[in-house]
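**Student:** The chain contents come next:
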Amino acid sequence: MSSVPERILPEFVPGARTAHRALAHESAVGHVTGGATYTDDIPEPRNLLHAWVRLSDRAHAGITRLDVEACRQAPGVVAVMTHDDLKAATDVGPVAPGDLVFADGEVTYWGQALFAVAADSIDSARRAAMLAEVKYEEREAILDIRQALERDAAVSPVRTIVQGDPEGAIRGSAHRIRGQLAIGGQDHFYLEGQVAMAVPQEGGDMLVYSSTQHPSEVQHLVAGVLGLPDHAVVVEARRLGGGFGGKETQAAHIAAIAAVLAQQAGRPVKLRLDRDDDMILTGKRHDFLVKYEAGFDPDGRLEGVDFMLASRCGISPDLSDAINDRAMYHADNAYYLPNVRIVSHRCRTNTVSNTAFRGFGGPQGMMAIEYVLDEVARYLGRDPLDVRKTNLYGVEERNLTPYGQVVEDNILPRLFEQVERSADYAARRRAVDAFNRENPVLRKGIAITPVKFGISFTTTHLNQGGALVLVYTDGSVQLNHGGIEMGQGLYTKVAQLVAEEFGIALDRVRVTATTTGKVPNTSATAASAGSDLNGAAAVEACRKIKGRLRDFAAGRFGIAGESLRFEADALHAGEQRLCSFAELCKQAHLGRIQLSDTGFYATPDIHVDKDTMRGKPFYYFAYGIACAEVVVDSLTGEYRVLRADVIHDCGQSLNPAVDMGQVEGGFIQGMGWLTTEELYWDDRGRLMTHAPSTYKIPVASDVPDDFRVELASWSRNRAAAVRRSKAVGEPPLMLGISVFHALKDAIASLAPKGCSVHLDAPATPERVLLAMERLRRATDPAAAGEPVEEDAES
Amino acid sequence: MANAVRFLLGFEEQTVSDADPNMTVLSWLRTVAGRCGTKEGCAEGDCGACTVVLGEPDDQGGLRYRAVNACILFLPVLHGRQLVTVEHLRESDGRLHPAQEAMVACHGSQCGFCTPGFVMSLFALFHNERDADRRRIEDVIAGNLCRCTGYRPILDAAQRMLAMGGEDRFSRREEETLSRLRELDDGEMLTLAGAGRRYFAPRTVDALAELRRQYPEATMLAGGTDVGLWVTKQHRDLDTLVYTGSVAGLDSIEEHADTLDIGAAVTHSTAMERIAAHYPDFGELLRRFASVQIRNSGTLGGNIANASPIGDSMPVLIALGAELVLRRGHERRSLPIEDFFLDYRKTALTQGEFLERIRIPVAGADRTLRCYKISKRFDQDISAVCLAVCLRLDGDRVAAIRIGVGGMAAIPARARAVEQALAGRSWNDDAVEAACAVLEREFQPLTDMRAGADYRRLVTRQLLRKCLLETTRPAVATRVLEYREVSA
Ligand SMILES: Cc1cc2nc3c(=O)[nH]c(=O)nc-3n(C[C@H](O)[C@H](O)[C@H](O)COP(=O)(O)OP(=O)(O)OC[C@H]3O[C@@H](n4cnc5c(N)ncnc54)[C@H](O)[C@@H]3O)c2cc1C
Ligand code: FES
Ligand code: FES
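Protein chains in written order, with our numbering: chain Y, 1 to 794; chain C, 1001 to 1488.
Excised from the complex, chain C in its bound form (with noise of 0.2 Å):
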């Protein structure tokens, strides 16, 4: 049993063995190691300026390099990963990084307090993806604010680095980073008492299981980007942790016929790119959810049980649904994914269960899926409403339909009376009127600083007719991010 945090800091090694489990990294990085380059601008994951990487074995036996906010990331879950800040970049002979180079060049600093979190998202960008284009520089530092340059020229300079291309003190001591990443993890549970609470990373799902039993009144801990803000935000005391991120399966995908099976602890990132290829509309929404260093914490398990009635990632998979298996000790037992939100936050998990998979039915080329969110602004922002609708038709009508919606109650919702209304009839004009109609009854939305009432209710009602008109009528161009894929 491991009880100290071991990992590397850039190539140092660290042990800290009294650990807070409610520190975040952060805070460690600023007040106890003195390293100040890395910086808080929010404290909730939303600006970027505390980015950092973190490095760690892949499944391929390499080493990954990942994006994350380090204000909401709890300094035990570095334990055995590599932690690199903007300090860490340098050569040892003062050169700058391709990152840090660019930026210089193509002024991507004004008031420069941004600029470490653009660098390592640029950092990581430059070791996972040499051939990115614009469009997908602009997504991974979708979570890096600038109020300073209007971003042109961090754009410019993310392109500058790809082109210098090369490789840097990280890749050159790959191996040997490897190597001592495994040596730091012993691969056995690690136990933390600090501060008066606890923190466990079992490795294995029944090891999960018993401490979830055992400590029923626990805090489950996947990404933490739900987590880690009610201890910056909420500033709750989290006495016992049960990080969910260490354990052996719950972070694999399983492919079957006609389902795709995933793991409470998989990532965004990672679970993405396989939805993506059978539900692109799925894959566009999961892109737009957050941003890069939140998804590569953040896991659709959280944000199942996280239960937020503006959850993005629920309303699709009521459309399409999917099931949740849920265990407890040694049961399972398997819900449809709307019947888990109770209401307002509260959801059918009892006291020691846990979300142990998701399954997605993807069988049926005959489906077809439609997602929308609207928000204020098109990247890492909260859903205003997010519609999803699945959709089989029958020549022109409607032989099955589930609708699901986030935004207009107090949970997740499917609009059963809506697809009760279309069910049967011609997929045209007049039925989908009437179901406008119904759901104007069916969903009585709240006004808040995200939307009006009124709105939630009227551009609800667009969604449906625009899903109407691009199932029906697919040469009319209805999207404004597509149309600029079109005239760029």
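Bound conformation, chain Y alone (with noise of 0.2 Å):
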């Protein structure tokens, strides 16, 4: 038997005796044993009811009738909700409307909610569902980017960042390409489906349980539908099975939907949404369409480059007009365009509302500028990797964004000279060519690709975050913050950083449920921005608290306030232990100290021009870098990712074994949208790839055979994030697309240097297989004779 490998994970902070360290998720034993409670799980209260939601089957029409009163007279039923039923808002879009509870005379996408009914079980709520009657009336629907580009539909106007003159660059230059790529979207597939359970409460209040990543915005919508102000709603959230995006917006649709039904009954209501609907009901990552035009010298140095990126956004705002601009702003990743143009425009369609995804419009962004360096290899008859370094950012100059902001912080020259070492770049490349030389049939391909992810909500004012502190008098902790744990660890190290500043262990801080109740007011927890606001903010309440305690010691003990120290669940003061922790607290209580405390953080340095896009969005930036090495097949197209190496920066990591998780997770998320994971819609607008049976996220052996991952234990935050550490959550999904453009490698083997290689994204086997065959056509007249389609978006 193989012997079990140990992970090493780096020593970050030798001396640190909670933070910074490889501990185990604050649930592990809960997940392990079934005890960890999920929205689902929460043991149902009297007399609960159980909704069923009735989708749409067309993608836009008018409803010439809705006849729900079957519905209402069938066994079981209590409650049958329809717009014309709605008292208050009918609308739950997060930033500007456009996302009805239900239909209202007309549906617009395919699955979208037409009425709900609450009944005493979910088969008869579903039964009783499909007993209304509805008919439509067709209208045209507008299905895809190419369409709603032609028709000029949008969701909001065009926005666009200009550095530099970048038609005179790209006309000047030796050499132009010019070229497209469709990338498809990404369904969040979060193992826990959507639900919420809402419960009435005394004089009309409701206690929401939500899987939501947002409890501030479900109360505030909720509070809307219910014609009731904010005050009146509490949203509760313990954990989520996973939310990566896809509970940021559209927790609330589902939440609205049992509250409006609870409220209509006078009793609990809980929507669980199945998985089919769930996938057909809720948005996804946008699908792009990228056009572009570069000018480039013999050594593939980028001068101008022209970009339009144009983004599916499906029926409504939502979050479309911030993804775009996360898009646009990562549409340089790691390199420096000096001249450079970025269109973005934002497709309305008949389609569900696209929505917040892991990288938030980064990874499309990154996919176009990664893909164009590609390219241009590709045409000078380089390796790609050479192109890409000549074009990295530099540290001292060179290091202008498109959108004005600095790059202070460049480790990339580092990651990159680290990679090429470590995963022994250049012998395996070599070895790659001729190994291609030697075989027919398989293929091999080797990439390496960056990541440089700007940390920060580019909408400035939703960085901030706020923590409640309680220390009790037996000197335990509950800590409660307005972040949400859905898996990434933050309640783990929230917990370490507060365990940290009271020298505490850390099974003196209970962590509980995040709630409106407690911490208001909070922003998502999204842009991989969770432990860096409530974390600081934990921290803020703690030092406050602490503050007053050591007053009171050094009144006390006599004892300078500064020599003191909280350490080994005890205070000292130089080498003497004055008394422990649980000690200090009861006396402090004595002396009618306050024990308990707010903390609050909002990020300094960050300010954006909202016309022009410019300024300094980000905080910082985070950084990664991965080389991927697959087989392919080049008779059918399939292939397998052989190694993989990772090196990714969390600054001071708070703990290595959490980011660790997040850096694997991530890099096979962001692998899996690359390749196996294809929406597919049919030419109505109808998802037909709803569940797990059609819809292909990684299994295990998909992992790379071999999957080196390392943390950069010696990169520490320059800006002065909590701990000097780095947000983590999302850049590691772009580690993914080196997966991609060793597919793209191995595919270009099968031409002679100085062939484009056109791939779109994902990059199913069909798709590599006809890329291939592509290629063959276009180089050798023997095989010009078999028809290839070409991809539908190329």
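No lab work stands behind these hints: they were computed from the structure. Beta carbons: idealized from backbone N, C-alpha and C, even for Gly. Please note that the accuracy of each hint is not assured.
Below, a list of computed lysine to aspartate or glutamate pairs in the DMTMM-like style, where the Cα atoms sit at most 20 Å apart [what the hints assert, rightly or not]:
1) C/K1233 with Y/D277
2) C/K1233 with Y/D276
3) C/K1233 with Y/D57
Residues on chain C that point at chain Y, a partial pick, calculated with CB under 8 Å [as the list claims (entries may be wrong)]:
4) G1112
5) F1113
6) R1147
7) G1150
8) L1155
9) Y1455
10) L1469
Join the two chains into one complex using the hints; note that each chain is given alone, in its own frame.
**Tutor:** The following block contains the structure:
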């Protein structure tokens, strides 16, 4: 039997007792024993009703008849809500209106909610929902980006970033290429589907348990549809079975439906979407169409780039503006673009409204520039790695981003150097080329791609976090903050910070469910900012309490406050242990000292001009790099990832085990997005891949055979983020781009140097084979006979 | 006659007399028994969040444990079995099971929602195969999706668990469990009526034949990996179910000199090993058939009777020239498998008839079988295209060839025109190119979410070319999955 590989996790900050240590997830034992409670596991209140939502089966149509009388009469039914039954707000759009709770006379996408039923069981609710009579008058639908561009259908105006003189630079360049790339969307496929339970309280108040990344928004929107002030609604979430952005705005709709039914029925209502309905009814990652033109010198150094980024936003604005902004802010990725124009179209289509997904537009922006650099290298017949390195941001110069922020913390050169060495790139590149000369069927490819990801919400006011720290007289601590635990280990990290501050053991800190009743007006747990914002807020709360304890102890022990330390569950002065932390708390309480406090944090030093998009949107950048090697079957397009080497920058990691999990999981999720995860709509706008039977996320055997992941332990955040750590939620997803480019590299081996290789994402075996066939046809006159269909989007 | 479902929940005896035969084990656990450790992620057998383990007597008088998907398993199937869920694993003093301990130690959970399912798959592994290597572990958890971890820590945890070894409370109480299970099941036919529905679990083939005649409209239930979804996804009411999983003899495999004779109720897991011994490529196809959980429930007979155009076993059985034994009352008839499929999901079964056995020819070492399954993902995916070629060469001449294809027509089909184009010719590029042209005319595949029609056509031609290459130039590496073995 092979021995178990021990993963070596770096020691980040020697001396830290709980922070920076590779401790287990705070709920690990609950997870493995089935004891961890998710929203659907909460003991059901008496009289609970179950809801079912009836979805439209047209993409765009007038509703000529919607008769729910039969539903109301069906056995077990207690409440039915249609648009006309709503008493207050009818829209749950998070930023701008556009997301109707129920269709109003018209359906605008396939799978839109028509009405909902609450009954004594899920089964009766579903059966009843099917009894409604619905008649449509079909209208013309806009289903994809191309159609939307042709008809100027947009959810918001075009935005542009320009720097320098891109047209002139491209015209004056020695070489030019142009082309386009279609990038598919992605379903979140959180394992726990959307769910909410609304429980009426006295006086008409509503308590909502919601699987949401954004309780404050759910609170506000639910209050809106109930016609109540925010203070009458409490939203609580202990943990989510995954979110990935899919429960940032989408959860509000689910909660709102449960809440209006509960209000109507006067009884608790739970709405848990069936997986298929979840995938049909909720938004996904935006698919993009990228057009580019680039001018470059004989070394492949970009002189001018012109990008058109168009995304399918679906039917409403949702978060599409911020997502497309972020795509624009990442169309440079790691590279200096002296002359660049980025034009962004936010297309409106009769499809479900696309939404936040890990990376939030950043991945699509990065795909654009990485693709251009790969094509530049193909054109010149050079190794793409050289072209990438030629274009990297400089450390002291060539460090101005297209949006005017100077890259001040660039560690890319070191990451490139490190990965080339640890992955043994040069030798493996030669081996890959040799393999490809010898093998008629199997082909290999290898690629290195970097990540530079901007940290902060680009909507500046969202960069705030709050916490509530309660110390009890026995010295145990209860911690609550505005962040949501969805697997990313946020609760663990913030608890570690609090334990570190008080110098107490981690098990003395208990994190309680996030609720709008404790920390109000929070931002979504998103933009990777969870621990930066909530961690810093919690530390501030601790420091306020510690300050008072210190003053109290100084008086009590007659020792200068500054020399007192909180350490090893006790208060120390120099080498001397004065008293246990518990004793200190008890005494302080008797001394009438406040043992609880709130903390608040707002990210400093960031600003953006809303019109030009210029400024300093990001507090800092998180970096990473990956080298992937694949083997492809040139007869069928099937492939495997043989090896991947990853080095990722978490600054001074708050918990290397948790961060490692984010890096590995992100890589695999990014790889899935660009390989097997294909969303397929039919020509009537119906999503056909709405369950795991048809939508294929990676499984265990898709993990690279040889998967070497390291954290860049030498990196320290130059910005004063909490304990010099860096955000890690989103950036590693984009490391998966290396796999796409390794596939492109393998395909390129079928043609002589100098050939362009067109490959859209996701690179399913089908797309890979068709790309190879196109190349074979282009280069081999004998193979020209066979028809090869172009990809739909090309 | 038994009239109540009797089983062990962990070590606790349960008797459910008014069970709705359409209720799944998952919904019973979560809504009736109030045990919410087992999760629902899809209700269609594809994500593994609902994985539980069934304990039952094996043929050697021991107790065997197998992982299954609770979301598509009907409650009455538990009769005479032990149901183990994630809540049962801890020792009574609170110590974690090695599967759990290893998952914690390796940071194998993030959001934790998939975790109970993984723990149960590992628990079954702990009981079945202590010597599993990394590849085998990947197989064992291919039916468990995790969206957070990227799997590596879970693979590590499995290896760590196996290295820990030892016993658990289930192995220590094996004898006791066996005898309690024997007490629960009196060997009589289980007959249930609940929620206006009927359920029969006959114990002999004759009783099955009789029930089938008596209730020709009843739904035959084998592993339920297709039928379960009719309830959970298509929301159909199955008023009368006749379960084949307790029928003595229907789960047997008989080895004859020239045939492998497989009972219709033999699960894929059981069939796989025996088939792989004769046809490694068929074995590999079955390894990629669904997941361990599905293969532990699903049967070869169910796959055939379900008659899906993208069912995986049928193209191979067609290529091998398998025969089906159909039975109605006391009458039996046998039919070449390709004649079983009449039209889209329409079979040759007449009223009251059922599939009793599948006979696969195994003689003839001079026959070569090649199977290819094309899908977006290697594991736990449905074929876009499946091609199986059974070839006998006489020198370089094609002495006999049979080709089965899936995903190219409304039924699993035999590629007769292609076979004719090749029969008697030299097995070389010219013949195969000519056959490719015939293939192009013989099938008009569809475009759907699994693949475009053009890709289906192109890749099928390429597979024929690959088959030629593999049978004439064996030194050339042609399979990415095998290449991985070589390089690892
Ligand atoms: C997650 C998942 C993955 C899957 N992956 C694959 C895959 O990779 N390849 C593939 O081919 N299939 C796959 N399937 C489909 C399914 O698992 C197979 O078709 C399986 O073999 C069905 O067997 P069963 O015993 O579960 O049949 P059941 O569901 O019990 O029955 C299927 C049909 O056969 C009938 N039937 C059963 N036994 C008899 C009999 N003796 N006589 C007459 N009729 C009978 C039933 O009435 C029903 O119509 C998958 C299913 C799921 C849920
Ligand atoms: S819930 Fe997904 S397999 Fe059962
Ligand atoms: S830990 Fe979240 S799905 Fe596996």
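**Student:** Against this structure, judge whether each hint is valid.
**Tutor:** Against the structure, the hints:
1. For the hint pairing C/K1233 with Y/D277, the CA-to-CA distance comes to about 11 Å; that is within 20 Å, so the pair holds.
2. Pair hint C/K1233 plus Y/D276 holds up; C-alpha atoms about 9 Å apart against a cutoff of 20 Å.
3. As the CA atoms of C/K1233 and Y/D57 are separated by approximately 17 Å, the hinted pair is consistent with the 20 Å bound.
4. With its C-beta approaching chain Y no nearer than about 3 Å, C/G1112 sits inside the 8 Å limit, and its interface hint holds.
5. Taking 8 Å as the C-beta contact cut-off toward chain Y, the hint placing C/F1113 at the interface holds, the least distance being around 3 Å.
6. Checking C/R1147 against chain Y: minimum C-beta separation of about 5 Å stays under 8 Å; hint holds.
7. Interface hint status for C/G1150: upheld, as the beta-carbon distance to the closest one in chain Y is roughly 4 Å, under 8 Å.
8. With a cut of 8 Å, the hint placing C/L1155 at the interface with chain Y holds, because the nearest CB-to-CB distance is about 6 Å.
9. Taking 8 Å as the C-beta cut-off, the interface hint given for C/Y1455 holds, the closest approach to chain Y being about 4 Å.
10. Look at C/L1469: its Cβ gets to within about 7 Å of chain Y, closer than 8 Å, so that hint holds up.
The structure fails none of the hints (numbered hints given earlier).
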